[in-house]
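S.K.: Sequence order for the protein chains is A and B. Its first residue numbered 1, the first sequence is counted upward by one per residue in this note's numbering. Its first residue numbered 1001, the second sequence is counted upward by one per residue in this note's numbering.
Simulated from the structure, these hints should not be mistaken for laboratory data. Be aware that one or more of the hints could be misleading.
Pairwise CB distance ranges (calculated) [unchecked claim]:
1. B:Ala1112 to A:Glu132: 32 to 40 Å
2. B:Gly1021 to A:Gly239: 50 to 58 Å
3. B:Ala1140 to A:Leu57: 26 to 34 Å
4. B:Glu1236 to A:Ala140: 51 to 59 Å
5. A:Glu236 to B:Glu1022: 38 to 46 Å
6. B:Glu1022 to A:Glu73: 20 to 28 Å
7. B:Pro1222 to A:Ala140: 31 to 39 Å
8. B:Glu1102 to A:Gly239: 27 to 35 Å
9. B:Ala1050 to A:Ala50: 51 to 59 Å
10. A:Ser209 to B:Asp1091: 30 to 38 Å
Rough simulated footprint, nothing fancy, chain A against chain B, three-plus residues with beta-carbon under 8 Å [claimed, not checked]:
11. 1158-1164
12. 1185-1199
Note that the Cβ used here is the ideal one computed from N, Cα and C, for glycine as well.
There are 2 protein chains.
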Amino acid sequence: MSNSTETPDSGRFLKVAERAGELRDVKAIVFDTFGTVVDWRSSLIEQFEAFGRRRALPADWTGLVDAWRGGYEASKDKVRTGAVPWTNLDDLHRAALDGLIEAFDIEGLTEADRDWLNRGWHRLTAWPDAVEGLTRLRRAFVIGPLSNGNVALLVNMAKHAGLTWDMIFSAELFQCYKPHPDTYLGVSRLLGLESGEVMLAAAHNYDLSAAKKLGLRTAFVPRPQEYGPGQVADLEAEGDWDLVVRDLVDLAERLGA
Amino acid sequence: MSNSTETPDSGRFLKVAERAGELRDVKAIVFDTFGTVVDWRSSLIEQFEAFGRRRALPADWTGLVDAWRGGYEASKDKVRTGAVPWTNLDDLHRAALDGLIEAFDIEGLTEADRDWLNRGWHRLTAWPDAVEGLTRLRRAFVIGPLSNGNVALLVNMAKHAGLTWDMIFSAELFQCYKPHPDTYLGVSRLLGLESGEVMLAAAHNYDLSAAKKLGLRTAFVPRPQEYGPGQVADLEAEGDWDLVVRDLVDLAERLGA
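Bound-form chain A, shown alone (with noise of 0.2 Å):
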């Protein structure tokens, strides 16, 4: 132990090793889902491009996609600032792709058609390494989405995935949306446990942000391909998080699951 910080590399080696000391309390891991457990922008642009090859109906599908997720803030401000009472994803979403099929001149789609596209969000697939990641982590540790999904969308996006969750922990549940502080602490109410033995990962900063005020452990999981090849935000860490980690197989490795 003498020398063991004579050079940086066993120095952070030293830091990482006390941390998971720290972080043997903690007992569940909840997940932000969109982006950091499935792949929602090619998912969904697979998925409607096929839709327009089947029907005959060429768009831009990527732009429509990407237009969607665009909105998605503004969609929730409204019910964050109390402008709209409560309103869950999925009726967001078709709000806001009523709009879209208009302004990218997308026309003769039938209210089942539109449900359809709409209900786009509950086909989703996973990142390659999280049905892996999961499962492992599964085995040691409370898991689940903590989401802004409704509990239809992560149920029915669960099943088609192929996830196995322990609980689902939907911004429905709590009716309000991250990063509300009643989100994040509703999970460890409704598990019993101190925001302390409870870990977010998440690929957003702004979301471990929010957890860490409030207690919770924080572990960044990059996915720097989730917006596309024009990705700017959320290419790193950019605070002070317990964990930062390649994917989720690496997240069970360093969390020993």
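Starting from the structure of chain A, add chain B where the hints point.
M.R.: Only chain B this time, still in chain A's reference frame:
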């Protein structure tokens, strides 16, 4: 078909077949948990008798367990009638347990002992058919408990008993206990389903009766040993339930899962 109703047996078969047709709309099945999925009485008695031997604390542990469950309705009634504000099941259990420890003259228990005993409900084991039945049903349906147990209790119990749910529907999410309508209707609301697309499977006729009035489908699962050898209630179906099955494997069979 002309002679298909000639005998009582074929008539009964037809009735079941018609019902199976009606049941094609079922997309989610929720399960009463204490008694229907897990054998709370044997599990608790076994845990507590082992504890008593380990700690040299002989006591009428069976009597305590029966009295504990016997006070269950009265405890919940205090919440149902509004006499006390919302209190989750762990806390109701604990208040009752403290009284019973005194009534049964059990001395020398620490706070940690009492907490361990109370969390006996988190460590219940499943009836022998439950894991196989639920595993099969989960392939074809969304499944979850619909239980008066709190979220932490149900999450921990599922891990302990090896149950895998898609979502946990706890009375705690709705802040009211079964048979309040908000519990049954909360399931269909959160899943984005009609109430007729949800089935309740339960060993208790009162529970099925409340669900049926709200339009849910119903399956009676007899558990004539739930309360031990002296059980007098719920020995058989007492209503016109959609299905009466032997156990959860039989439920999977009957629903083609």
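S.K.: Hints first: check each against the structure and report whether it holds.
M.R.: Evaluated hints:
Restraint check, B:Ala1112 to A:Glu132: a C-beta distance of roughly 37 Å satisfies the suggested window 32 to 40 Å. The supplied range of 50 to 58 Å is met by B:Gly1021 and A:Gly239, whose beta-carbon atoms lie about 57 Å from each other. Checking the proposed 26 to 34 Å range against B:Ala1140 and A:Leu57 shows it holds: the Cβ atoms sit about 32 Å from each other. The hinted window of 51 to 59 Å between B:Glu1236 and A:Ala140 is violated, with their beta carbons roughly 43 Å apart.
Between A:Glu236 and B:Glu1022 the beta carbon distance is about 56 Å. The supplied range of 38 to 46 Å is therefore violated. Between B:Glu1022 and A:Glu73 the beta carbons are some 44 Å apart, a value that contradicts the proposed interval 20 to 28 Å. A hinted range of 31 to 39 Å for the beta carbons of B:Pro1222 and A:Ala140 is consistent with their spacing of about 37 Å. Roughly 51 Å separates the CB atoms of B:Glu1102 and A:Gly239, a value that falls outside the hinted 27 to 35 Å.
Checked against the hint of 51 to 59 Å, the C-beta distance between B:Ala1050 and A:Ala50 comes to roughly 58 Å, which is consistent with it. About 33 Å separates the C-beta atoms of A:Ser209 and B:Asp1091, a value consistent with the hinted range of 30 to 38 Å. With 3 residues having a Cβ less than 8 Å from any Cβ of chain A, the segment 1158-1164 of chain B passes the three-residue criterion, so the hint holds. With 4 residues carrying a beta carbon less than 8 Å from a beta carbon of chain A, the segment 1185-1199 of chain B meets the three-residue requirement, and the given coverage holds.
The structure does not agree with the numbered hints 4, 5, 6, 8 stated previously, though it agrees with the rest.
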